[in-house]
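Undergrad: What follows is the residue order along each chain.
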Amino acid sequence: MTVSSAINGTAAGTAPADRRSRTAAPQSGFAPWKDPSRTPIIRFENVTKKFGDFVAVDNITLDIYEREFFALLGPSGCGKTTLLRMLAGFEKPTEGRVIVDGQDITDLAPYERSNINMMFQSYALFPHMTVERNVGFGLRQEGMPAEEIKQRVDEAMALVELGKFAHRKPHQLSGGQQQRVALARAIAKKPRIMLLDEPLGALDKKLRNQAQFELMRIQEQTGTTFVIVTHDQEEAMTVASRIAVMHQGKLEQVSTPGEIYEAPKSRYVAQFIGDVNIMEGKVVALPPDGTVDITPASGDGRIFKAVACDGLAIGQNVWLSVRPEKFRISLDEPQSGVNVVKGRVDDVGYLGSISHYHVHTEAGNRVTALRANSSHSVERAISWDDTVWLEWPVDASVLLKT
Amino acid sequence: MNNRFSWFNVTAIVLGFAFLYIPILILVIYSFNDSKLVTVWGGFSTKWYAGLIENEQLMDAAWTTLRVAFISATMATVLGTMAALVLVRMGRFPGRTLFSGMIFAPLVMPEVITGLSLLLLFVAINFDRGFWTIVLAHATFTMCFAAVVVQARLSDFDHRVEEAAMDLGASPVATFFQVTLPIIAPSVISAWLLAFTLSLDDLVIASFTTGPSATTLPMKIYSQVRLGVTPEINAISTIMIAFVTVGVLIASYMTKMQTARVERDRRAADAAAN
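Taken in order, these protein sequences are the chains called H and R.
One rule links them: number in the working numbering = place in the first sequence (from 1) + 19.
For the second sequence, position 126 matches number 112 in the working numbering, and the numbering has no gaps at all.
Just to be clear, a hint being listed does not mean it is correct.
[As the list claims (entries may be wrong)] Straight-line C-alpha distance at most 20 Å; calculated EDC-like pairs for lysine to aspartate or glutamate: (1) H:K188 - R:E148; (2) H:K188 - R:D251; (3) H:K188 - R:D144.
[Stated by the list, open to error] Which bits of chain H does chain R cover? Going by a derived footprint, with three or more residues having C-beta under 8 Å, they are: (4) 60 to 73; (5) 251 to 264.
The hints are simulated quantities; they were obtained by calculation from the structure and are not laboratory data.
By construction, the Cβ of each residue, glycine as well, lies at the ideal position given by its N, Cα and C atoms.
Turn these sequences into a full structure, and let the hints guide you.
TA: This is the structure in structure tokens:
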């Protein structure tokens, strides 16, 4: 259908690749947050929002730069939607300021924030208007001449490939089409900042993936700054230039998707993004080569080695996070003796291209390892109840202090 | 299938309908009676209907009733919609429970009390009783019904649609007239129809609040019945019944058509998407 044709188009086809290079190597590409001379387009300054006794947003300071695709990620109730609604003007901060383009907009009503538009969860289309009138609504409020409105509406509808539905009412459209009307309605105003509140939550998985790439294409074509709220970590990883992981009204970490995945700063972030194995231990030595020796809290006395970070002390409690794909799983005991865990296979999940192994370690932990099925053999080399060794490189684990 | 028409169900429905409609049916039948005696059938005739046109008093009363109903229903709908908006939208505010209780109290207040209190008020402020006092009184007592109808619609109204309008630059007033009102229009219209009907057949409150200059149809009918029921009364009552029946039929037909259309469109959209 129309969505898939967008994916095949040249603009959409190159967009994901561009973005990946951007996130994987932020220094070489788009990274305004690393440039101290840049002023952010959006600045939350010590913003707190309380609803009665409940603190929804707890003293957040955050900068978002022009042309970013910024994701606010977290479970429901973490304050991400409240933060977005303060930007749109639907909630007023209890304390702090919201600054856009250097102007304090904390006290402006939503209809006075002409350069910010929002795409709502479940779309909030006007049921009594045709698609065309829905898209033109914001322009009519500005008192724009009719021909100009017509032109801008056509432009916006072409951008989301909705042209032939102009005279339908929202209830005559499918979910995916409604989502695009909602997008066109906000984009028709040509805002500098576009807010998206769980924009794809109501779509099924396949459609959602297509729509994510479409959002990225539109963001790049229009050069608008996008701020998206989502609880879907895969969605945030796919679309965002930077992700803010939120937890109980606070920012846990603000980084590129790559950094969030490879270098999480806390157990919360590590566990929220992707699958991870967390092992607790104590620092026993800090050799001069920049590594750290850790004895696991429960284990056979073997030592774990990891790359050290600042501010470590002997005897300190730390956690090692290892992604399932970083393990090497084998039936023979590895020679190195460092970063090795022995266990028994509890469960094997065969997914075709890869297999998941749930391993019950001798120390009593459940660990998940992942292995690509690169050989052709139908027989699984490793099976239930096998004794296996899991090994990982020193630089493949992340040391977490909290 | 066979259970649906069991003797019990059939008896129940026949008895139910008989209880509801036999009195009305008798009234309608006797309006076509040739005899002047209401209880004796003297052959078919429509002379009482023709006679109505010439009965100036009765026609005057009917015209007054319609005007009262129209103006008071409009006032009640505006006020009731505003009250419903406050109740649904403003969330918690000090005195909210008291406010909502006071709006809905007239629903259960005996009409005699409402009528008497309004009469006392009009006397106290020295307001000339007549057409406008009936209008005000009717607006007062039908407003709560209008508020209930509109409130029911507003409480399942998606607030985000209004937020979307404001986000797109519409002021609160523009949002109300361009988005909220068109969406809740069907319930506002039913609120108006309900208020109109209630005003049309009210006898008690109108009797309390009127003066010598204005007489409504129910008052006229009531005073004539005290002198003896004439087939003329039957005739005008039959017209009123027809009036109401046609109105209800049109309203329900429109609702049904709209529901069917929305359902059909939705199915078509789903089919097109797959």
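Undergrad: Now tell me if each hint is right for this structure.
TA: Each hint, compared with the structure:
For the suggested pair H:K188 and R:E148, the alpha carbons sit about 18 Å apart, so the restraint of at most 20 Å is met. Restraint check for H:K188 and R:D251: satisfied, since their Cα atoms lie roughly 9 Å apart, inside the 20 Å limit. About 17 Å separates the Cα atoms of H:K188 and R:D144, which keeps this hinted pair within 20 Å; it holds. Requiring three or more residues with a Cβ within less than 8 Å of a Cβ of chain R, the coverage given for the region 60 to 73 of chain H is violated, as only 0 such residues are present.
Counting residues of the region 251 to 264 of chain H whose CB lies closer than 8 Å to any CB of chain R gives 0, so the stated coverage by that chain is violated, three being the minimum.
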